[in-house]
Structures are given as structure tokens and as C-alpha cells.
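J.: Listed below, chain by chain, are the residues.
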Amino acid sequence: MFFALSTGELMERPRLWQAVHELRYRIFVDEMGWEALARPDRLEIDQFDHEEAVHHLVLRDGELAGYQRMLPTTRPHLLTEVLQDLCVGTPPCGPDIYELTRYSVAPAYRDGRRGMSTVGTELIAGFIEWGMGIGVDKVIIEFQPMWVLRALQLHFLATPLGYQRAYGRQQVVATLLQFNGDTLQTVRERRNHFLPVLARNRPAPAGYRLAS
Amino acid sequence: MVQFDDTLECINKIQRATTVEQVCAELLAVTSRFGLNALLAGTVPGPDTPLDGQKEHVVLCDWPLGWLQRYVERNYVDHDAVVRHMKRAPGSFRWTDANTQEELDAGSREVIGDASSFDLHDGFAFPVLTLEGTPIMVSLGGPAFECSPEQVSVVSLVSTYAVGRALQLSAIDSRHADKRPLTDREAECLRWAAVGKSEWEISQILGISEHTSEKHLLNAKAKLGAVNRVQAVAEAIRLGYIN
Numbered sequence: 351m352f353f354a355l356s357t358g359e360l361m362e363r364p365r366l367w368q369a370v371h372e373l374r375y376r377i378f379v380d381e382m383g384w385e386a387l388a389r390p391d392r393l394e395i396d397q398f399d400h401e402e403a404v405h406h407l408v409l410r411d412g413e414l415a416g417y418q419r420m421l422p423t424t425r426p427h428l429l430t431e432v433l434q435d436l437c438v439g440t441p442p443c444g445p446d447i448y449e450l451t452r453y454s455v456a457p458a459y460r461d462g463r464r465g466m467s468t469v470g471t472e473l474i475a476g477f478i479e480w481g482m483g484i485g486v487d488k489v490i491i492e493f494q495p496m497w498v499l500r501a502l503q504l505h506f507l508a509t510p511l512g513y514q515r516a517y518g519r520q521q522v523v524a525t526l527l528q529f530n531g532d533t534l535q536t537v538r539e540r541r542n543h544f545l546p547v548l549a550r551n552r553p554a555p556a557g558y559r560l561a562s
Numbered sequence: 005m006v007q008f009d010d011t012l013e014c015i016n017k018i019q020r021a022t023t024v025e026q027v028c029a030e031l032l033a034v035t036s037r038f039g040l041n042a043l044l045a046g047t048v049p050g051p052d053t054p055l056d057g058q059k060e061h062v063v064l065c066d067w068p069l070g071w072l073q074r075y076v077e078r079n080y081v082d083h084d085a086v087v088r089h090m091k092r093a094p095g096s097f098r099w100t101d102a103n104t105q106e107e108l109d110a111g112s113r114e115v116i117g118d119a120s121s122f123d124l125h126d127g128f129a130f131p132v133l134t135l136e137g138t139p140i141m142v143s144l145g146g147p148a149f150e151c152s153p154e155q156v157s158v159v160s161l162v163s164t165y166a167v168g169r170a171l172q173l174s175a176i177d178s179r180h181a182d183k184r185p186l187t188d189r190e191a192e193c194l195r196w197a198a199v200g201k202s203e204w205e206i207s208q209i210l211g212i213s214e215h216t217s218e219k220h221l222l223n224a225k226a227k228l229g230a231v232n233r234v235q236a237v238a239e240a241i242r243l244g245y246i247n
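Chains as they are written, first to last, in the numbering used here: chain G, 351 to 562; chain W, 5 to 247.
Chain G with its partners taken away, still in its complex shape (with noise of 0.2 Å):
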């Protein structure tokens, strides 16, 4: 299940905002190695957890199996304040563009090293239909340049920003993304799942624990 919350709707459930703090220290600390976000509480948390930050989350079972961050683009945001040095020119911004930051995976839901996991792809799906309900049809993302082609491949249209970038253990390219209803269906078919995936209703106040 696939939902959207605001930092404060996060908040109310501890939790689960416990787990997306861990989830994220251990996926971009200990397994990317951007070593600027370190902490001794093993929370990954930084200024832009602010209250027009939306957080994705995929549950499965009572556990937090994915989770992705979307900033708005009219305010500070990674591309601007952080990565500046992604960007050539000026970063796109508008009501319309989000910034996608944090995509992450819990390893017990990765299929293997290679190809897509259902984890990870509804939470692409879950951002298409989030940004299409919303009037959002472009996102920013910083990832790994190996993404553009698998991308492409999802029918988005894609735009560098900028050259890519050593950054941690990765090399990193800022890329702008539109998509659109050709880019949804492309995506179930790749699932091989074609309802919904975005909640209407908000998970339950308490009870959930990060996936292993």
C-alpha cells in the first residue's frame, strides 16, 4: 500500500516516522556513504523535513518497505542548496516540478541485485499518480546515471541538468523527469499491476516497525 503524508501526519505516528528516519540513515549513511548526513542516533533527518515536504511510504505487513521524499520546488530544496554543483544554469522550479529525494528501498524487498523491485516500482507508480492528481507532472531526482536508461525505458521524458558527479560511492546526474498518462500505463504494464496504488486514507496511528 502506497501512501502520502505530510511531515505532520508523519509525526503523529511515531513509529512509522522512527522507521523512515532509520530506514534512510541506513540506506543513504551505511550503504551510500554520504558521510555529511552521519549521526549518532542513526536518524536520517536534514532541514528539508519541513512541513511542505511529502513523504511516500509503501507498508507491507505493518512494515515499512519503501519510502521516498518530495519536495516542493517553489522553496529551498537538494538542487539548490545542496547539489548546486549538478545543476548547469538555472534549476527548474514551479508548482507544477517536485524534487524526489531519499528513493529508497528496504533490502528485504529488493528482487535480487539487478532488474526493478515491486517495492521499488510502486513507488514509482506512486508518485505518477500522486503528481497527476495534484498538477504535478515533472520531478527533479539526483541518481545514479545507470537510472536514465531505465527511465527512458518507463516512457518519461528525460532532461540532464547538468554533468554527473562523484558523490559518495556513486556517481550521481540531476535529471529532470515529465511524465504523463502514457508513463502510468508503461509503468503497470511493467508491473503487470494496473489499479491504484496511492491510498485515499492515511495508515492507522500506530504498530509499524521497519523491514529488515
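Hints in this document: simulated from the structure, not taken from any laboratory.
Mixed in with the good hints, there may be bad ones.
What the hints assert, rightly or not - Listed next, the stretches of chain G that the computed footprint assigns to chain W, with coverage defined by at least 3 CB atoms under 8 Å from CB atoms of chain W:
#1 423 to 431
#2 485 to 498
#3 541 to 553
Claimed, not checked - Pulled from the structure, derived: some chain W residues nowhere near chain G, Cβ distances all over 10 Å:
#4 LYS17
#5 GLN26
#6 CYS65
#7 ASP82
#8 PHE97
#9 GLN105
#10 GLU154
#11 SER160
#12 ARG169
#13 ALA198
#14 VAL199
#15 ILE209
Stated by the list, open to error - Here are the simulated lysine to any residue pairs, SDA-like style, with alpha carbons at most 25 Å apart:
#16 W/LYS17 <-> G/TYR513
#17 W/LYS17 <-> G/MET496
#18 W/LYS17 <-> W/ALA110
#19 W/LYS91 <-> W/ALA110
#20 G/LYS488 <-> G/ARG559
#21 W/LYS17 <-> G/GLY531
#22 G/LYS488 <-> W/ASP10
#23 G/LYS488 <-> W/PRO94
#24 G/LYS488 <-> W/ARG20
#25 G/LYS488 <-> W/LEU12
#26 W/LYS17 <-> G/LEU526
#27 W/LYS91 <-> G/THR536
#28 G/LYS488 <-> W/PHE8
#29 G/LYS488 <-> G/ALA458
#30 W/LYS227 <-> G/TYR513
Just so you know, even glycine gets a beta-carbon here, dropped at the ideal spot from N, CA and C.
For chain G, the structure is supplied; the task is to place chain W on it using the hints.
T.: Leaving out everything else, chain W in the frame of chain G:
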């Protein structure tokens, strides 16, 4: 800045290309500035792939024709040090590095010598991973290859967009590939179905059995990729079988 705008413009042209040949031409327009004027991108065939099966592995190709023929005829893929290096240590590397790092047998020396005779002296190869997790090897070559690390990343980025566009185009092709044209009888049955005739009525009009008219309609439905008769009729109208 000027250089980046240039890169963007190339990527835009690649994404607007409507044929794989156009994609190749746009990519080579960028890479030839760095001495890379020949291109092959494809999945790496297994050792026992029959010669005529090798074509299916190719995603993008603008190799000198004589070189390509010789490569396929002599099954160079099994001896090419570049291919061997890609299988052993996937990553980006120069051809000359593969040639010095791999153990060369007589076959691989022949490949290197022959490549030179087609003015392919050095080049650059790297893998890209598809959604399915299949590695596609991109190999670019030419008379002399001079490229800074920044330029290498431009070449690999533009190449990735080119491979992506080629895969999009072949996906579009395969959507239409199963769509054999309707036979006259299948189209005729659909035309009657479109005006509300039952299978029995159609069989009476055309002087065929009810079973045959049903079969024609089922075939038409399958060829049009339709899930029901209404969609088949709509698709037949769109394709001009019914006006």
C-alpha cells in the same frame, strides 16, 4: 555552459528521432568530435549463438559495413578482447586497455589487426543496465580517441539516451509486430458485426457456416489486439478497415 547546451540539444534530437538510424547519426555527431565515428551497442551474445541470431542482440549499429560482415562471419565476438573484458569486469574502459589486460590468443590478435584495417584503432566501451537487469554493451571506436574524463561522461550520458530511445522505438515496433493485416473475410465479418449483426446473421449474409463466421471474428479480434468485439470494431475503424 555553451558545451552543456550543446549536449542538451543532442539529447533532444535523439529523443525526437523516429528511426534507429537517426538515433545513431545524432549520437555519432557528438562522439565524432572525440574521434569516435563507429558505434555498436547490444547485449553480449552467449558463446553458442548462431550467426543469424547475433542480429537480435544489436540495439544500435553504425560499424563500417565490411567490418561488421567480417565480425559476424568470423564470429569475432568470441575472440574480441573488448567483449571478453566487458564480461569479466563490467565497467567503462578503453579498447587499448582491454587489449593489454586480457590474455590475447591468435583470434583476438586477428580481431585487433582487422579493426585497424578498418581504421578502428582505439575506442571506448561501457555497459548500461536495462530495467530487466540485462547489460547492454556500448562500444564506440575510431581512428584516434582523445577524450578528457568530463568528455567521457558526456559521451556515456548521450549514449545512454541513444540506447534508451532505440529501446523505446523497438518497443513501439513490437507493439505493432503481431498485427498482421486482416484478411478480406475477417474485415467483412467485422463490418457486419459493427452494424449489429449476430454471428448467425453474418453467416447467412456471407453464405458461410456460423462456426466460420465466429472464427473470422475471433481471428480479427486477436490480430487487432482487442479484448472484446466492441474494441475490435473501434480498432478496425481506426485502422481504416471500416469506414
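J.: Are the hints correct? Go through all of them and say.
T.: Against the structure, the hints come out as follows:
1. Note: the stretch 423 to 431 of chain G has 0 residues with beta-carbon separation from chain W under 8 Å; the three-residue rule is not met and the coverage is violated.
2. Evaluation of the coverage hint for the stretch 485 to 498 of chain G: fulfilled, as 3 residues show C-beta separations to chain W shorter than 8 Å, against a requirement of three.
3. Counting residues of the stretch 541 to 553 of chain G whose beta carbon lies closer than 8 Å to any beta carbon of chain W gives 0, which falls short of the minimum of three for the stated coverage.
4. Every CB of chain G lies more than 10 Å from the CB of W/LYS17, the least distance being 13 Å, so the non-interface label holds.
5. The Cβ of W/GLN26 lies farther than 10 Å from every Cβ of chain G, with a closest approach of about 16 Å, so its non-interface assignment holds.
6. Once the 10 Å rule is applied to beta carbons, W/CYS65 is consistent with being away from chain G; the minimum gap is 18 Å.
7. No Cβ of chain G approaches the Cβ of W/ASP82 within 10 Å, the least distance being about 24 Å, so the stated non-interface status holds.
8. At roughly 15 Å, the least C-beta separation between W/PHE97 and chain G is larger than 10 Å, which holds for a residue marked as non-interface.
9. Listed as outside the interface, W/GLN105 is consistent with that label: its C-beta sits roughly 22 Å from the nearest C-beta of chain G, beyond the 10 Å cut-off.
10. Under the 10 Å C-beta cut-off, the non-interface status given to W/GLU154 relative to chain G is violated; the minimum distance is some 7 Å.
11. Not every beta carbon of chain G lies more than 10 Å from that of W/SER160, the smallest distance being close to 7 Å; the non-interface claim is violated.
12. Non-interface status of W/ARG169 relative to chain G is broken: a Cβ of that chain comes within 10 Å, the nearest being about 7 Å off.
13. Residue placement check: W/ALA198 keeps its beta carbon more than 10 Å from all beta carbons of chain G (closest about 27 Å).
14. Taking the minimum C-beta to C-beta distance to chain G, about 31 Å, the non-interface status of W/VAL199 holds against the 10 Å cut.
15. At the 10 Å boundary, the C-beta of W/ILE209 stays outside the reach of chain G, the nearest C-beta of that chain being 38 Å off.
16. Pair hint W/LYS17 plus G/TYR513 holds up; C-alpha atoms about 18 Å apart against a cutoff of 25 Å.
17. Pair hint W/LYS17 plus G/MET496 holds up; C-alpha atoms about 21 Å apart against a cutoff of 25 Å.
18. The hinted pair formed by W/LYS17 and W/ALA110 fails the criterion: a straight-line CA distance of about 42 Å is larger than 25 Å.
19. Restraint check for W/LYS91 and W/ALA110: the C-alpha separation of about 19 Å stays at or below 25 Å, so the hint holds.
20. A C-alpha spacing of about 31 Å is found between G/LYS488 and G/ARG559, which places the hinted pair above 25 Å, so the restraint is violated.
21. Restraint check: the Cα-Cα separation between W/LYS17 and G/GLY531 comes to about 23 Å, which is no more than 25 Å; the hinted pair holds.
22. Our distance criterion of 25 Å between C-alpha atoms is met by G/LYS488 and W/ASP10, whose separation comes to about 23 Å.
23. For the hint linking G/LYS488 to W/PRO94, the alpha-carbon distance of about 33 Å lies beyond 25 Å, and the restraint is violated.
24. For the suggested pair G/LYS488 and W/ARG20, the alpha carbons sit about 19 Å apart, so the restraint of at most 25 Å is met.
25. At most 25 Å may separate the alpha-carbon atoms for a hinted pair to count; G/LYS488 and W/LEU12 meet this at roughly 17 Å.
26. Note on W/LYS17 and G/LEU526: the hinted pairing holds, with a Cα-Cα distance of about 17 Å set against a maximum of 25 Å.
27. Of the pairs offered as hints, the one joining W/LYS91 and G/THR536 is violated, with about 30 Å between alpha carbons and a cut-off of 25 Å exceeded.
28. A C-alpha spacing of about 21 Å is found between G/LYS488 and W/PHE8, which places the hinted pair at or below 25 Å, so the restraint holds.
29. Our distance criterion of 25 Å between C-alpha atoms is broken by G/LYS488 and G/ALA458, whose separation comes to about 30 Å.
30. Under the criterion of a C-alpha separation no larger than 25 Å, the hint pairing W/LYS227 with G/TYR513 is inconsistent with the structure, at around 46 Å.
Checked against the numbered hints given earlier, this structure breaks hints 1, 3, 10, 11, 12, 18, 20, 23, 27, 29, 30; the rest are met.
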